[in-house]
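K.L.:
Chain by chain, the residues run as shown.
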Amino acid sequence: MPPRLRGHPLADLHFGDDQPTEAEQAAIDAIVPPADAATVVETERIVRGGRSRRHGLRHLLLPVLHSLQHEIGWISPGGLNGAAERLGVPPAEAYGVATFYELLRTTDPGHRDDVVHLCVDPACAMAGNNDLRTSLEAEGARVHDSPCLGQCERAPALFVQGVGRPDRVPSDDEEDFHLPQAGDPSLRVLRRVGEVDPTSLDSYRDHGGYEALAAAIEMGSDAVIADISDSGLSGRGGAAFPTGIKWRAVADEPGPDKHVVANCDESEPGTFKDRIVCEHDPFAVIESMTIAGLATGSPHGWIYIRGEYPRATARLESAIAQARAAGLLGDDVAGSGQRFDIEVRRGAGAYICGEETALFNSIEGFRGEPRNKPPFPTTHGLFSQPTAINNPETLINVLDIVIEGPDAYRSVGTERSPGTRLFCLSGRIGVPGLYEVPFGTTLGELLDLAGGPTGELGSVLLGGAAGVFVGPDALDMPLTLEDTREAGATLGSGVVTVFDDTVDMEAVVVRIAEFFRDESCGQCVPCRVGTQRQHEVLVELQASGRPLAPERSELIDDMALAMVDASICGLGHTAASAVRSALALGLIGNSS
Amino acid sequence: MSSVATETAVTIRIDGQEVAVPEGATILDACDAAGVETPTICYGPTLTPVNVCRVCVVELDGSRALVPSCSRPAEEGMVVHTDSERVRHSRKMVLEFLATGVDVSQADELGQWAEHYGADPDRYVPGGQTMDEPVRVQDNLYIRDYDKCVLCYRCVEACGDDAQHTYAISVAGRGFGARISTEFDVTLPDSACVYCGNCVAVCPTNALQFKTEFDLRQADDWRPEDQTVTQTVCSYCGVGCNLELHVQDNQIVKCTSPDDHDVTSGNLCIKGRFGWNYV
Ligand SMILES: Cc1cc2nc3c(=O)[nH]c(=O)nc-3n(C[C@H](O)[C@H](O)[C@H](O)COP(=O)(O)O)c2cc1C
Ligand code: SF4
Ligand code: SF4
Ligand code: SF4
Ligand code: FES
Ligand code: FES
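Which chain is which? The protein sequence lines are A and B, in order.
So the first sequence is numbered by the working numbering: it starts at 83 and just counts up by one.
So the second sequence is numbered by the working numbering: it starts at 381 and just counts up by one.
To be clear, the hints were calculated from the coordinates, so they are not data collected in a lab.
Accuracy of the hints is not assured; some may be wrong.
Calculated pairs, SDA-like style, for lysine to any residue (alpha carbon to alpha carbon, straight line, at most 20 Å) [to be verified]: (1) A:Lys455 - B:Glu455; (2) B:Lys472 - A:Asp94; (3) B:Lys472 - A:Lys455; (4) A:Lys455 - B:Ala445; (5) B:Lys651 - B:Ile632; (6) A:Lys455 - B:Glu403; (7) B:Lys651 - A:His655; (8) B:Lys472 - A:Arg634.
Extracted from the complex, chain B is given alone in its bound form (with noise of 0.2 Å):
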């Protein structure tokens, strides 16, 4: 976010700790400040908060229901706890919710937060609805596995307002069918996608994944323990975009960009994202 460090500081108590944040800091990045690990999904700290997914929610004196720190301006004087029962409880009831429909087996940070709050998600009613779709893999460049899908709604953002104002994808239908999709579910070189991979990039539990990845998992070759990162920037024009590529038996198999470098933020185009599959 925006660096506003010289702006009039804001106080809060949080877990009976007070912190100093700057004006337009929220209740999350007070936590942060405070040294508080949160949960988060659908927060991405290159995309404006959506607070959908309620895993970051916490108790604020004063505040009925629980509230979500990702989108919550910090106020002078607000009282938060982050580890009190009603925040332990939702926090568990989210991920556990999750784990009865989605297949988060590929989505490590919430498997961790899950087992931290002791989710369980095996106690619901056997054969419940899930989200049951099948692989799409339409190119040589990303797959979407919406099995995975949490509904963070951070690709939708990414492929919008918030990086790449392509509107390729929304999220259609309701309640526990609501889905990511295209236009009448129209493959992706059928739509507006321009393969910038930003979607990809910002995705929490793999449901959206380099084809190269995608491959060497069915092949059950994907070794991050065997993958190198290096360092490079972007040499197809002159903008300077930094590409971080995963390398794996010298073989690149993923190109991420830092999500805190000024110049892309995360983003990158599909000469810098996808270019080295062509090479």
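Just chain A, same shape as in the assembly (with noise of 0.2 Å):
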């Protein structure tokens, strides 16, 4: 190897002369005091940037640029200087992580109010969301339009980011919430919703709470992952992967620094059951990750959640600080003798980062790019350690089957999709909301539970933006991993957004391009240049009002293909499968 350039003079991080103002720097303060500023050693500034990455406090990037952007309303020259400086952060680089993410601006907005952010995807559209902009706009607020907010079964939705004031969601105080399943003792992954104070521990406990964490901690670590092995849970964050095998693979790992990660950065369009899980039954995400980090061996564990969701933040927050002063979170867990500790993490307007390796970037202070496969996480996950990242309906699974063991979990469902699924239903259907049922369920009777369609059913979007459309011949769909893959389709993250023949589907096929355009990290050309194409060509089918034209349509399957094949990550692979779906539903495409 050529010798590099290592400690080199010119390599000094160089700052420009805008400074801090006072209450950028108390907001700068706030997350990283002083005294635990980065230490200047000049043999070590020059690995701060780039892939060094437990180097440092980078990690503590995003929390001081939101601290920043909560107090001042922006992130000024000033206050990216006074953050990069005191996280030994090159000022470029920390620009790229800023002007990464949604929630954090850069421009000088020229006003200290809120941000009244609107969403504009298909449940809210069809719930009448540019009369709310209209009237709000009407108040004098600023409006700016969002991705979906995560709230679709109460749409139109809103996300109030303040300034100087805490974030708020105005339908949660107004919200009197209740289950649509209220009282159904089916209910396994939901028992608890609703039922249980999700602000005390004791009322947990009184609920079963804790009882999972004792019986995993008396059968060990090999025991418990053996159960998860045999009950066949597969991961709902949307890839369907085996938990079982991925614990393995942490567990034999060698330690001590690896990671149990509880992936709460729900962005697909028309998924909202995170959020619920999260803001009703906190410890029990709490419970299962703290089981997931004893059966692995991993002390550290991490909750990113987006930041759109204030009060599920709050929640979880609260749920670990009670558990870590009831000794259920520390360095002996429940006397297990084992260590184990929850960080939680926001996320700041950015689809992409619920991809577990731009979330791992993320969390670390890097621009939220996802990381090529192979190495996968296991390995090379949170700071390139092993690292066990799940979605938290995956997680709270877990707790059922360590109790009942895998043969009682297995019960319901079918042989190769065992247990429940969560499904979120908006949209033009009866009662909206979160409803847990047996895979194996069709997806028929899943919308008669959920009160059935609301006029004449036009077609469902299976799985969200990322999902497909299927017709109502697809109602006697059993919803499993395996019939939906046989017909094209997929459960992804349990998404069932319900369409009549009225809604305009051209306005909403163009919307989900356009989502993709919008999130679409960049770093990839198939993805970066094909989904702004994708979003071109179909602007253009919706303006012509014609057919679309055969060079058209094989543009599109050509792009589709070298995202299919080319792309980084699951976005870029998923792109346009919404898009091709509607297409051969005739959905779009036909003329009008």
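Now that you have both chains on their own, put them together as the hints suggest.
P.N.:
Below, the structure written as structure tokens:
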């Protein structure tokens, strides 16, 4: 190897003349006090950028940027310099991170008013978000278009980003929460939701909380993982990977620096299950993460939750504090002799950060760009260390498996899709909301459970923007991994968005294409350019009012194949799937 | 890359032909060894692979999607196809996509591959988004014309971890709006830039250009065919960096250093790279 220019005197970090104001300095100090500042050692300076993942304080970059945004209303050149200097991060890289996120601003908004984020995705469009925009603007609100806010069951949705005041979701205050299936004895994952007091550890214990952790400690790591494997539990975050295999792989890696991550970034349009679970049963997320930590021998737990979920964040943080105070987190978890504790990190408006490797980069203080796989997270995850990352729904399933054993768990569902599944119903459906049914329930039965379609059923979007449209002829399809796969569909993250025959499907599909264009991280060519060009073709189609020309159809297929085959991550792989299914079903492209 | 010729060999099959490469070699290395030419854009022999352009993808038996040959390590028994329908399609689409939004007129190699794979950037919706960036001329040493930028990350890598450790530039923004930028797009003289020119040396599209070249091109007087290249050793200090001085009409118009030189790996400092400017 040629000698590297390490320690080159020109490698000093350089900061421009802009200084943080007093208020900006206070916002930075609130996250990283001056005493903790990155120590400037000549030989260390050069390794703070780029791939030196574990070095220093860089993982606090996103929290510091959040703090500046929240207190000041934007991230100014002085604020950025102050943050970068305190953390020892090159300012150009800090700027690259700040400009990655929708909730962070790097231009002066010229005001300090709250920003009202209004959802423009399908469920909210069907529920009249335009009328809401008009009335908000008439009141003088600063309205900003947002992708799905994870509140599709109570569309149209808003999220208010506070400046100097807490963020808030207006519907949280108005809501009298109850599940549509409240009291149904067949509920498993949702058993406690709406029943337990989510702010009280005692209430959680009264509902059987922490029995599973005690049982897991009794059983030991190998037996727990064996049960998870035998149960056939698969991931609920979209990719349906077997959880037992993932945990086994992490457990087999040498310690001690291993991680368990709960992926609560939930941003797939149409998904709101994780929000409801985290808001109404936060201790179950904490308990199941703790079981994962002990079983895989990982002392470090992380919750990455989307920035638009202030109530879920507060409840999880409170649950963590209570669990810690009760000795259920910390150096000796519930007398097990093992250490496990949890840190919470907030996203800042980026769908792509739900992709597991993008999520790691985001926590580490880098741009939320996915990494090429292999290597996989089980060996090279957070801080390039072994990591088990799971969706909260996946995690909560673990509680019953540990208590009842895998056979009882398999008593519902199908052989290849055991257990139950959460479905997020929204759009033109009688009772929108979160439902739990055994795998194998048909789509028609699920819609009936939710009060049936309102109006003449046109189509159903399964799996969200990354999923596919199916028509009324799919009502008999059993909702299992195997049946949906065979039908060329997907369950994805459990999205079921219902459209009647009056909905302008061209507008819906153009919006889906726009979503992918907006949310592509931009790293790889097939997705960065493909999502842009796909949107342009669909806008042209919409404006033309004519049937899709054959050469345009070919172009869409050509772009789709390249995105599926050559993109780095699942966003590019799925960016054309809903579009093409809409064309195949004749929902769009026929003329008008 | 480092030479590990004596270590264990890995045998893989490329388009039906067996090749043995040292452990740690990539599929791209194996393609090179087998004499199979592969297009690359973001890959650089002196840079850590970022595998973002995806033009080097190959089909790997047992893998659902295509894999980037520049970063994927060769493993014993792999069966690789470099000229299948799927490979040709994705390579063509990458080249086509780039040409729809970026001025690739000075990226010669890219143009040759685009022709090879039959890329047709004209079949897209007229008036689509492009990079649409003004040329940044902020000093007398080099210019940045991001209309020509394919976002290969090579300059970022060269400025950061892989050579210079200055971190003056990064990728900012997201999606199609992503751009190479200093913090808040401050000018280079106001940034951390130390004018080593290593970013200019690795740029595959001429988005980064010596000011001398830029001026000559503006004057329509850039004549590579009339240029001679003189090898010399930089005289500013004792390190012994090799310089290649490109001369047109008795004037030095740019300065490079060979990628495979063991002192520089293609990297220089401001004195070597631009020192002739002051002479
Ligand atoms: C673009 C994209 C977004 C994703 N978003 C989420 C998400 O918000 N929540 C989630 O659990 N998984 C998400 N995933 C899947 C994760 O990468 C990962 O597979 C999952 O968190 C693993 O947990 P599981 O095995 O329990 O499903 C996303 C994947 C992609 C490609
Ligand atoms: S597929 Fe899209 S989102 Fe994923 S890495 Fe590539 S550009 Fe980023
Ligand atoms: S000239 Fe050197 S220091 Fe300046 S941006 Fe390029 S690589 Fe970085
Ligand atoms: S400026 Fe050149 S080297 Fe840098 S990303 Fe763009 S094309 Fe690549
Ligand atoms: S909150 Fe509007 S579509 Fe989900
Ligand atoms: S050269 Fe391999 S991905 Fe760019």
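K.L.:
Now tell me, hint by hint, if it's right for this structure.
P.N.:
Outcome of the hint check:
no.	hint	result
1	A:Lys455 - B:Glu455	holds, 15 Å
2	B:Lys472 - A:Asp94	violated, 42 Å
3	B:Lys472 - A:Lys455	violated, 23 Å
4	A:Lys455 - B:Ala445	holds, 11 Å
5	B:Lys651 - B:Ile632	holds, 14 Å
6	A:Lys455 - B:Glu403	holds, 19 Å
7	B:Lys651 - A:His655	violated, 46 Å
8	B:Lys472 - A:Arg634	holds, 17 Å
Hints 2, 3, 7 from the earlier list are contradicted by this structure; the remaining hints agree with it.
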